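Visitor: If you want the building blocks of each chain, they are given just below.
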Amino acid sequence: MVYLSQHRLSLCKEHYIEWYLKRVESTIREFKMFGRGDKVLVAVSGGKDSLSLWDALCRLGYTADGLYMDLGIGEYSQKSKKACENFAQKKGLRLHVLELKKEIASIPEIKEVERNRPACSLCGLLKRYYMNRFAKEGGYEVIATGHNLDDESATLLSNVLSWNVDYLSRQFPVLLEGDGFVRKVKPLVKFTEKENALYAFLSGIEYIEEECPFSEGASSIEYKKILTQMEEKSPGTKLRFYMDFLRRLHPILQSQEVKLRPCEVCGEPTTAEVCSVCRLKERVIPRLLSSSPSS
Amino acid sequence: MRVKVNYRGQELDLELGEKTSRARDVLRALGLSREYAFVVRDDEVLEENEPIREGDYLRVINAISGGYI
Chain A
825 MVYLSQHRLS LCKEHYIEWY LKRVESTIRE FKMFGRGDKV LVAVSGGKDS LSLWDALCRL
885 GYTADGLYMD LGIGEYSQKS KKACENFAQK KGLRLHVLEL KKEIASIPEI KEVERNRPAC
945 SLCGLLKRYY MNRFAKEGGY EVIATGHNLD DESATLLSNV LSWNVDYLSR QFPVLLEGDG
1005 FVRKVKPLVK FTEKENALYA FLSGIEYIEE ECPFSEGASS IEYKKILTQM EEKSPGTKLR
1065 FYMDFLRRLH PILQSQEVKL RPCEVCGEPT TAEVCSVCRL KERVIPRLLS SSPSS
Chain B
3 MRVKVNYRGQ ELDLELGEKT SRARDVLRAL GLSREYAFVV RDDEVLEENE PIREGDYLRV
63 INAISGGYI
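Sequence lines, in order, name chains A and B. For what it's worth, our numbering labels the leading residue of the first sequence as 825, then goes sequentially. For what it's worth, our numbering labels the leading residue of the second sequence as 3, then goes sequentially.
For the record, the hints were derived by calculation from the structure and aren't laboratory data. Quick caveat: nothing in here was measured; it's all calculated off a predicted structure. Do not rely on the hints blindly, as some may be mistaken.
[Stated by the list, open to error] Facing chain B, from chain A, some residues (calculated, C-beta under 7 Å):
no., residue
1, M825
2, K1018
3, A1042
4, E1056
Glycine included, each C-beta is placed from N, C-alpha and C at the ideal position.
Please model the entire structure based on the sequences and the hints provided.
Guide: What follows is the structure, given as structure tokens:
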């Protein structure tokens, strides 16, 4: 039996899975994320959220393929890739694997050159860029990621504490397509990490529990701990904080009109003449070639 | 009371208090919150209140993510 305090519900395994799937479907409907005729590309990392998302979408009858990005982070990347491959094979699903090393360089290699920039910042930039390109090349209408309620409420808290109005205006479970961007959706935003872990466990999904070694010191976990303390005292706090932000504040936030145009090198959307990934490539690739043993 | 716990790939020997222990005591002993962690025994998710028996083999799943600890 699973007890969910914020919903005051006790459920057995079968009914938990049923409840979970119904809630995923209703989230997709509520935010008009995509339809059954759309080709969905699920960004998978090998973790509980993204694999649960992929699993749920398939059980709900959506056409969903997976994209795993191999960031070249040693054993962590090997294990997480294997988890995605095993999952795809077990369920008979199509998994695409994109190797960052082939496109530009591995994250550890890039970090050797870009020393002052946090790995997470580089990683986020590159994942979004290559996912967008891949989705367009593959004819996918929408990219789905496994962001959960704990992620979104921690991000929200972080943005509120520094009053990052620009980010707040763009924090929404659906980012519509346009200007060279594919639609991006987060169907699991109403589920806590624990609810996703329970779904994964009860559905027999084998995922990796390890965290990326570069994420040491990331502040998101501090925000999650603060929200957890408040949630323990008052169940339902996180859901209300996030959902009421979406319903009441987000609609009245005006985002600054950003002028986007195609990058002169690769054609991807950018505010500058050359996009940040092409500029990163210009800095990183010559340095890596000049420091390689053969030269 | 002694129990064996599998937590994040590690096999741990946990010493719990003298009186009857419950699943929530296992989480407390590991410093985990019931908001993001749960206890499994024989493939069953245990409710917080569920009594733990001497010599139980448990698995603890900690769902919180977003930073290497």
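Visitor: Please verify that hint: E1056(A), Cβ, nearest Cβ of chain B, below 7 Å or not.
Guide: Interface hint status for E1056(A): holds (6 Å vs cutoff 7 Å).
Visitor: Closer than 7 Å between Cβ atoms is the bar; does K1018(A) clear it against chain B? Give me holds or violated.
Guide: Since chain B brings a Cβ to about 5 Å from K1018(A), closer than 7 Å, the hint holds.
Visitor: Using 7 Å as the Cβ threshold, decide whether A1042(A) counts as touching chain B.
Guide: 4 Å, holds
Visitor: With a cut-off of 7 Å on the beta carbons, see whether M825(A) makes it to chain B.
Guide: Since the shortest Cβ distance to chain B is 6 Å, the answer is holds.
In this structure, every one of the numbered hints holds.
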